[in-house]
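Start counting the sequence shown at 263; every next residue gets the next number (our numbering).
Honestly, I wouldn't trust all of these hints.
[To be verified] Lysine to any residue pairs mimicking SDA-like chemistry, simulated, CA-CA at most 25 Å apart:
no.: 1; residue 1: Lys490; residue 2: Asp440
no.: 2; residue 1: Lys642; residue 2: Arg748
no.: 3; residue 1: Lys750; residue 2: Asn638
no.: 4; residue 1: Lys490; residue 2: Met505
no.: 5; residue 1: Lys750; residue 2: Asn639
These are calculated hints, taken from the structure and not from any lab test.
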Amino acid sequence: MKQTLLSLLLIGTSSYCFSQNFTLDEDSGILPVQRNWDEIAFEDIDGDGFVDLYTGGVNPSFSAVGRMYKNDGTGHFTLFDDETFIKKREGGVAFGDVNDDGFPDMVVSGGYGSPGGPLIKLYINDSEGNFTLNESISFINVNNGDIRMFDYDNDGDLDILISGKGLGFFALDLYENDGTGNFTLNEQTGLEQYGLDYAHIIIEDFDDDGFLDIATNGRTSNSGGSHKTRIFKNNGDSTFSLMTQPAFDYIAAGAIAVGDIDNNGTLDLIFSGNGPSSDDNPNGFSSGIFLNDGNANFTMVENTNLIGLRDFPSIALADFDNDGSLDLITMGRTSMDPVIYATYLYLNDGEGNFALVEETPFTGHGYGKITISDVNNDGKMDVLITGAGEESNSAVAKLYLNNVDIVSTDNIDYIKFNIYPNPVRDILHIDSFSDDRIKSFEIYTVTGNLIKHLETDINTTDIDVSFLASGMYMLSITNDKGQMSRTKFIKQ
263 MKQTLLSLLL IGTSSYCFSQ NFTLDEDSGI LPVQRNWDEI AFEDIDGDGF VDLYTGGVNP
323 SFSAVGRMYK NDGTGHFTLF DDETFIKKRE GGVAFGDVND DGFPDMVVSG GYGSPGGPLI
383 KLYINDSEGN FTLNESISFI NVNNGDIRMF DYDNDGDLDI LISGKGLGFF ALDLYENDGT
443 GNFTLNEQTG LEQYGLDYAH IIIEDFDDDG FLDIATNGRT SNSGGSHKTR IFKNNGDSTF
503 SLMTQPAFDY IAAGAIAVGD IDNNGTLDLI FSGNGPSSDD NPNGFSSGIF LNDGNANFTM
563 VENTNLIGLR DFPSIALADF DNDGSLDLIT MGRTSMDPVI YATYLYLNDG EGNFALVEET
623 PFTGHGYGKI TISDVNNDGK MDVLITGAGE ESNSAVAKLY LNNVDIVSTD NIDYIKFNIY
683 PNPVRDILHI DSFSDDRIKS FEIYTVTGNL IKHLETDINT TDIDVSFLAS GMYMLSITND
743 KGQMSRTKFI KQ
């Protein structure tokens, strides 16, 4: 068993100063696209430890695309496959190992492209990043939707949740995996009656009961003003129940992001999009923070300083300044007449209070997406912005590299951990080679969403990661001095 010895920089609770600096990569290799609601995703498709990239949407000439790029490890992307995938826009994409061979496969949806009409297709990875269409699998065909892979029934394989608009219907359908990558529609989950258009989906365990729940935002009918944000509780018996959430009553069309913003161990929700109109806000530009009580009941925070956005905004949570708290980035329309788009970065003080960062290099765009990952393996979260350019028929793909510097005013402590195997399939071993004991650890997605939190007080810890989907994750370790360190690992 190969072992990897890591020297991890511990970040304590003492006073730190930092300088935040994002630099536009003028030669990222990523071609411009727009009309990509959720069709952009980073994933390590060939197991080399570097995140690669898939982009759907339309190019500047408004032709639909489906492109896979490979990362050389420095954050430079080379177009690898422009032929295999359906050419679609206004859909979703999800990666996950559906056939248990240790490599991420891909499902993608969309419409208005080639072939014609709304479509969903599953592609199987050969372990080297080459994908082949699985022609034996048939899903309901939708666009204007989102797709997620997750193990909803805790049987060890990845199922697929599909949302969006079909020909005369709205969908929210769950397909069960038999463990080999064959899928069957489950028509008794309780989700079927809640189909939605212009959909966003987030999968998390909101009530910490060990079963993954669902958050959605989207249009529930063809009538105006029918957008809703909803939480569906996983009952643990292959069914879901809609949870009444009075705090969400005002929310209309927009985007949602989920993460533990106040560091209390519960997953909170942030919304940006169309909200209620008023005399001083007649067009309903809105953003809101909703705190989770631990049982998936949400309460709206009053008087936040978040700037309201609308008309297909994009938002994301990630720890941009490496202080252990999730920061926020948002993009969308800020004015109707004249039409103005903007991108805003907010830093979190650790308690869920966000401060706007002035004079960032980010440009604002519509009909696009903010996608977050560490593209150059330097431990810092970078930002990819796609969307329409200054002209509605143009497009951009701007990769901003994170060059944040963290400088301690105290002596820096180093501590050595042994973490193995990496990549890992089932059990991740962590050994401490010092007198400092591991107090707790958390597992995050590379975009900063908390997946698991556990307490411990021993020097050797075995972590069961078999429940994770294939991909890259962040492991955060806290010792008995309250100091924290982070490192990445790959789940096969």
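Results of checking the hints against the structure:
1. Lys490 / Asp440: Distance of about 32 Å is beyond 25 Å: violated.
2. Lys642 / Arg748: Judged against 25 Å, a Cα distance of about 11 Å means the pair holds.
3. Lys750 / Asn638: 13 Å, holds
4. Lys490 / Met505: Distance of about 13 Å is within 25 Å: holds.
5. Lys750 / Asn639: 9 Å, holds
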